[in-house]
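These are the residues of each chain, in order.
Number of protein chains: 4
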Amino acid sequence: MASTFGKLLQISVFGQSHGAAIGVTMDGLPAGLPVDMDKLQAFLARRAPGQGAWATPRKEADAVEILSGLVDGVTCGAPLTAVIRNTNTRSGDYAGLHDCPRPGHADYPAEVKYKGAQDAAGGGHFSGRLTAPICIAGGICLQLLAREGVLLAAHLASVGSAADTPFDPLRPELDQVQKDFPVLSLEAGEAMRQEIAAAKAEGDSVGGVIECAAVGLPVGLGEPMFGGMENRIAQMVFGIPAVKGVEFGAGFGAARLRGSQNNDPYVVENSEIRAKTNHAGGILGGITNGMPLIFRAAFKPTPSIAKAQESVSLAAMESKNLIVHGRHDPCIAPRAVPVVEAAAAIAIYDALLEWKARA
Amino acid sequence: MASTFGKLLQISVFGQSHGAAIGVTMDGLPAGLPVDMDKLQAFLARRAPGQGAWATPRKEADAVEILSGLVDGVTCGAPLTAVIRNTNTRSGDYAGLHDCPRPGHADYPAEVKYKGAQDAAGGGHFSGRLTAPICIAGGICLQLLAREGVLLAAHLASVGSAADTPFDPLRPELDQVQKDFPVLSLEAGEAMRQEIAAAKAEGDSVGGVIECAAVGLPVGLGEPMFGGMENRIAQMVFGIPAVKGVEFGAGFGAARLRGSQNNDPYVVENSEIRAKTNHAGGILGGITNGMPLIFRAAFKPTPSIAKAQESVSLAAMESKNLIVHGRHDPCIAPRAVPVVEAAAAIAIYDALLEWKARA
Amino acid sequence: MASTFGKLLQISVFGQSHGAAIGVTMDGLPAGLPVDMDKLQAFLARRAPGQGAWATPRKEADAVEILSGLVDGVTCGAPLTAVIRNTNTRSGDYAGLHDCPRPGHADYPAEVKYKGAQDAAGGGHFSGRLTAPICIAGGICLQLLAREGVLLAAHLASVGSAADTPFDPLRPELDQVQKDFPVLSLEAGEAMRQEIAAAKAEGDSVGGVIECAAVGLPVGLGEPMFGGMENRIAQMVFGIPAVKGVEFGAGFGAARLRGSQNNDPYVVENSEIRAKTNHAGGILGGITNGMPLIFRAAFKPTPSIAKAQESVSLAAMESKNLIVHGRHDPCIAPRAVPVVEAAAAIAIYDALLEWKARA
Amino acid sequence: MASTFGKLLQISVFGQSHGAAIGVTMDGLPAGLPVDMDKLQAFLARRAPGQGAWATPRKEADAVEILSGLVDGVTCGAPLTAVIRNTNTRSGDYAGLHDCPRPGHADYPAEVKYKGAQDAAGGGHFSGRLTAPICIAGGICLQLLAREGVLLAAHLASVGSAADTPFDPLRPELDQVQKDFPVLSLEAGEAMRQEIAAAKAEGDSVGGVIECAAVGLPVGLGEPMFGGMENRIAQMVFGIPAVKGVEFGAGFGAARLRGSQNNDPYVVENSEIRAKTNHAGGILGGITNGMPLIFRAAFKPTPSIAKAQESVSLAAMESKNLIVHGRHDPCIAPRAVPVVEAAAAIAIYDALLEWKARA
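Quick mapping for you: the protein sequence lines, in order, are chains E, W, D and U. Each residue of the first sequence is one higher than the one before, starting from 237 at the first, in the numbering used here. Each residue of the second sequence is one higher than the one before, starting from 237 at the first, in the numbering used here. Each residue of the third sequence is one higher than the one before, starting from 237 at the first, in the numbering used here. Each residue of the fourth sequence is one higher than the one before, starting from 237 at the first, in the numbering used here.
Misleading hints may appear alongside valid ones.
Given that identical chains are not distinguished, each listed pair holds provided it fits within a single copy or across any two copies.
[Unchecked claim] Below, in silico cross-link-like pairs of lysine-lysine (DSSO-like), each with a Cα-Cα straight-line distance of 30 angstroms or less:
#, residue 1, residue 2
1, K243, K512
2, K275, K243
3, K351, K275
4, K436, K556
5, K512, K543
6, K436, K243
7, K415, K351
8, K243, K415
9, K436, K512
10, K275, K556
11, K512, K556
12, K592, K243
13, K351, K592
14, K543, K556
15, K512, K351
16, K543, K592
17, K436, K592
18, K556, K415
19, K243, K556
20, K436, K275
21, K512, K275
22, K415, K592
23, K592, K275
24, K351, K543
To be clear, the hints were calculated from the coordinates, so they are not data collected in a lab. It should be emphasised that the depicted structure is a prediction, and the values quoted were computed from it without experimental measurement.
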């Protein structure tokens, strides 16, 4: 397994969806930094289910318990471990999943990889529930980054064919993301909700894209080649279940541009070097250039759908019709918005610590 | 710096464009495996410049010298280090680059990060020339993967607005990629060459997308969360200069699909589990599912263009017009095709070694 | 912090002595392997306090709770996290330790390193209590190693000036280590207990040496230079509080020998290559040679003693007499015997997994 | 293989004794720091052979060539790679070593591990010659540490039964180590030379112990548990061929002491916290306490001796008498003194960078 990420801040995520608990250890936090637990819990609430018609009605308490690393709410230098108890554990019968893998899920490769011993209940370690520990670690990193003047926010760039206004790449409107449904444009939000409702009505699901921006980064974060900001953020963000693509700045669109269009000219503004455009997404050669860091992550549609699907019986080695029961998000993207912020915050904070080492 | 990649096969890339030499160390190769040096040199020739109107006329010998790790052409278990001498070193005057950064290049963030001490000549460690060591390491991994029944190939998916036929995601036509210009469709190749020629005629450049496929992978490669195949390949591929996006299978397109469209139904074929479609790109939960592994990487247009560009003088802190001299590829993507194969091969071979450890 | 160890099996230890819980995450265990929890609990009981006159009378329950990674007692491939609740938390007043550091403890460097924010209660993350998570991880590794035919045991080589019979380096008597007091010679054990009792009677403490042996290792474990068995075991064993020296085979004694004495001649025995002596401790060039792997670790005397000691007030920057209260082991070595076994087992199992990757 | 060390400064050593070249890559050096190449070459000369009756008369040029990472003698932020050409390559016939392993060498485990494909010539990657790249990396780290006020020196603590005066643990006399033979006491040096001459006269060899001290370290270097200074230095120093033991401060001697003897009382001296004694060797809980960091490494006698030795033919699986030809150091310890300094400097500089990240 490799549920561990980072160099100076090492994140280790553990737990299965229906095991005793899920959690995360953060090894490498500087000492003496306050963590606001209410703020953290509020951040986690943004990914919690049961928030609207566009999400699963299932309830999760998701109360964070800190086992170590904080004394009186302040980091003490020791690894910080936080857990969330699973209240709804192994209630169902998951033997079926070992035999008949759900299309689009990790069931089949996990069955082979783990020789039939994997925890199939609720998706085990592959469950979207494991994004809660990412949010704990990322929520703490967001607080620490804010102390350094770095702010992050994400919004739904699209759901199906409904698209939000993109962030202004020069001055992303981080504080204008709506609270109840994370978009910039109310109209776009309405169109997205209709896409989700339409998919749900058909027992189907739909994908989406999340855009994330960070401002206040110093020039010089990230290391060249394999330790660049793009490499780190991509390694982290692809750890979120359902992500199938990551792009920075103009991204895939840059492949259709001319150099004269894509290059960001430099200007002096208020005695500071700035770029007039930001097709680079704030990263050149893997290193931050002081402009807003902007990236997008593509989420596939939730694989668990109510419609009948073709699968196979691994025991019988023959075709089998599969009906997936249970309540599932018709679109995972809205709840994934804080997860993308969290993932980016972890990667950026780790790079910030490394940057300080050689500053 | 973090020019190091991998867990069981650790790749360490070194060198600057106009330094004494560039090279790579591969630490962790199993012993007793033959390396065909002619084949490796032929692989490297695919990324060499001077191959056609669409590339820079500059010549590079790129003769690989093995310093360690091979005895009589066979891996001996010790780290394998290979170097390529730079014959064209520090000939020009690069003092200007320290003062007037080229838009779209790493010049400006590198100047700040390295306190003015970075090697600006020819792009230094950020030069596209550093993809040659990636090709050495990757070319060796391609040979070792072939021994395990794993084959890889890449082609130009698009240049500007000209698009090639995509790989058949169920049976990618690896052996049908054209030798002289890496496309599947001759017509598409012609259109791409025209795009490149048009950009060049205007002193401009153009971007492109490369699609890569691997077949023959066992089910179960990759580790969940941050050690998945997507995470590893993305971390590696974003190490290639100019890459701004990476997507797997349906990628960003999956975000526009319904679950019922995107899920890949399972069937039994010749007593094997297969998926009827391959929107997953061969990866579920970060783990290979036995289907072809398919991904695309977006390359921005070459930032070095002949057109005048707006930049600044860092010393004077005022605007300055910049003319970039020298011969540059009007499109980097054609020469980057073997680099993408190499990068993927390194990431896959490292994952294969890890898989064997727990098999 | 760097409470993380290993390459293919990554161990992450967390917790403070008087925090909510201590624990460990093991990331990288192969799937499908049974873990005997009773056996694990029995192993942990060997390091538990309150076992005799030579140990502290303090009681600790040390009941292991598995949060993840096991399904029905079998590894499922996901990270295994286990915790032990601290029942005796922050009861005392530890403010004094922030001002007046205990000689021989980490108090003073931790106070400076963590800017006064470290958890001083009971030694925090530096407490000997953190060896319990090492024993959880190591106890599991011991079970997995036994399935591969690898057996380990340790004994007290000395306490103060009282010395046990050393292991036979060719055939270490692993099963002859006494259960109640871990020595080979009952007489030596009696002499050690008297050393400990004498120190205790004076409100003092005494140090000791632990010898550990492993048999059944294949030839070829370990990687050269910095990944050798000596490097890995030393990196791990120095993680046990109070260890100040580690030596393999003849160790420091080899420095006094001639080459003709220290070299281990090879012979053929029952169609196997064997060494006639084992000054190498089973390791040559960092790699196992098929002979028993033998090492020793030196433990300093418990720094917490009842005698008055000279310290300083950090606030007043002046001398201060310190009396350390509480019940402490007059000799940590007896209880550290299973910890050394555990530490070695972790390092060896990690190396075994790596060996399989390239076998 | 695992010839890679470090976290923020990653050292990758490559080469075989009789291959084309040996060398090292240092990834992670801060930019803008001057490296004095004459000083580096002088440092390397201290480990070069042919310096006296106590060393092999073989000559090695050991001229360092910098391939990357320096521009005009200043670190540029890119990985620094340095190589030394092997002038004396594969001249002999080493087929014999594949069949008849030398006792005390890595020959036999390497033969098995690398399936007969290892480079046996001159010891291959296991040769003491590979300490030259460690000296390159360490020599550079020594220069960088000196800029931070950290000074290191080592001396021969003993050869066979002849012992030097130890360093004063409170104020180690770093500048009093003799230039021509690295001891503090001229008499001790004479006795050591006699030990070596006596061993040589008999076609034998002898072991030794090296003591190393560092002063000027800030309080707080090192991370707890597995990232402590003891763990890091031990992991590095055991990478030097022939090292069989490492101890810090009182080391194994501490195991014979009482706590009241071993604990180092604190005092205030010139408004600074100091310890009155230094049994801890400057490290508590893995973290520097501001006192001199002191450790010793035990070197076994050179395994290559002129005397006939018992070995086996691996092909015939029968006993075989072995005569090792060639010129070998009768004692490796004198030439290993700068290597120990180098190894310690690498580990300490890496820890210093990490410390800055969270300072």
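These are the hints, each one checked on the structure:
1. For a Cα distance limit of 30 angstroms, the shortest separation of K243 from K512 qualifies neither inside one copy, at 33 angstroms, nor across copies, at 37 angstroms.
2. Taking the closest pair of Cα atoms, K275 and K243 come within 30 angstroms of each other only inside a single copy of the chain (26 angstroms); across copies the shortest separation is 33 angstroms, beyond that limit.
3. Taking identical chains as interchangeable, the C-alpha atoms of K351 and K275 lie at most 30 angstroms apart only when they sit on different chains, with a minimum of 24 angstroms there against 41 angstroms within one chain.
4. In this assembly of identical chains, the alpha carbons of K436 and K556 lie at most 30 angstroms apart only when taken from the same copy (24 angstroms versus 56 angstroms across copies).
5. Within a single copy, K512 and K543 get their C-alpha atoms only as close as 49 angstroms, which misses the 30 angstroms cut-off; across copies the closest is 17 angstroms, which meets it.
6. Taking identical chains as interchangeable, the C-alpha atoms of K436 and K243 are never at most 30 angstroms apart, the minima being 41 angstroms within one chain and 42 angstroms between chains.
7. In this homomeric assembly, K415 and K351 never come within 30 angstroms of each other (Cα to Cα): the closest approach is 44 angstroms inside a single copy and 37 angstroms across copies.
8. For the homomeric pair K243 and K415, neither the shortest alpha-carbon distance inside one copy (33 angstroms) nor that between copies (40 angstroms) is at most 30 angstroms.
9. In this assembly of identical chains, the alpha carbons of K436 and K512 lie at most 30 angstroms apart only when taken from different copies (24 angstroms versus 43 angstroms within one copy).
10. Taking the shortest Cα distances, K275 and K556 never come within 30 angstroms of each other, neither inside one copy (47 angstroms) nor across copies (42 angstroms).
11. For a Cα distance limit of 30 angstroms, the shortest separation of K512 from K556 across copies, 14 angstroms, qualifies, whereas the shortest one inside one copy, 57 angstroms, does not.
12. Taking the closest pair of Cα atoms, K592 and K243 come within 30 angstroms of each other both inside a single copy (13 angstroms) and across two copies (14 angstroms).
13. When the C-alpha separation of K351 and K592 is checked against a cutoff of 30 angstroms, the pair qualifies only between copies, where the shortest distance is 14 angstroms, while the shortest distance within a copy is 44 angstroms.
14. Within a single copy, K543 and K556 get their C-alpha atoms as close as 14 angstroms, which meets the 30 angstroms cut-off; across copies the closest is 61 angstroms, which misses it.
15. In the homo-oligomer, the alpha carbons of K512 and K351 lie at most 30 angstroms apart only across protomers (24 angstroms), although the nearest pairing inside one protomer, at 55 angstroms, exceeds that limit.
16. Proximity of K543 to K592 under the C-alpha cut-off of 30 angstroms is found in neither arrangement, the shortest distances being 52 angstroms within a copy and 38 angstroms between copies.
17. For the homomeric pair K436 and K592, neither the shortest alpha-carbon distance inside one copy (48 angstroms) nor that between copies (42 angstroms) is at most 30 angstroms.
18. For the homomeric pair K556 and K415, neither the shortest alpha-carbon distance inside one copy (43 angstroms) nor that between copies (44 angstroms) is at most 30 angstroms.
19. Neither within a single protomer nor between protomers do K243 and K556 lie at most 30 angstroms apart by alpha-carbon distance, with minima of 45 angstroms and 39 angstroms respectively.
20. Proximity of K436 and K275 under a CA criterion of 30 angstroms is satisfied in neither setting, with 32 angstroms inside one chain copy and 50 angstroms between copies.
21. For a Cα distance limit of 30 angstroms, the shortest separation of K512 from K275 qualifies neither inside one copy, at 35 angstroms, nor across copies, at 46 angstroms.
22. Proximity of K415 and K592 under a CA criterion of 30 angstroms is satisfied in neither setting, with 34 angstroms inside one chain copy and 38 angstroms between copies.
23. For the identical chains of this complex, K592 and K275 are neighbours both inside a copy (26 angstroms) and across copies (29 angstroms), given an alpha-carbon limit of 30 angstroms.
24. In this assembly of identical chains, the alpha carbons of K351 and K543 lie at most 30 angstroms apart only when taken from the same copy (29 angstroms versus 54 angstroms across copies).
Of the numbered hints given earlier, the model fails hints 1, 6, 7, 8, 10, 16, 17, 18, 19, 20, 21, 22; all others are met.
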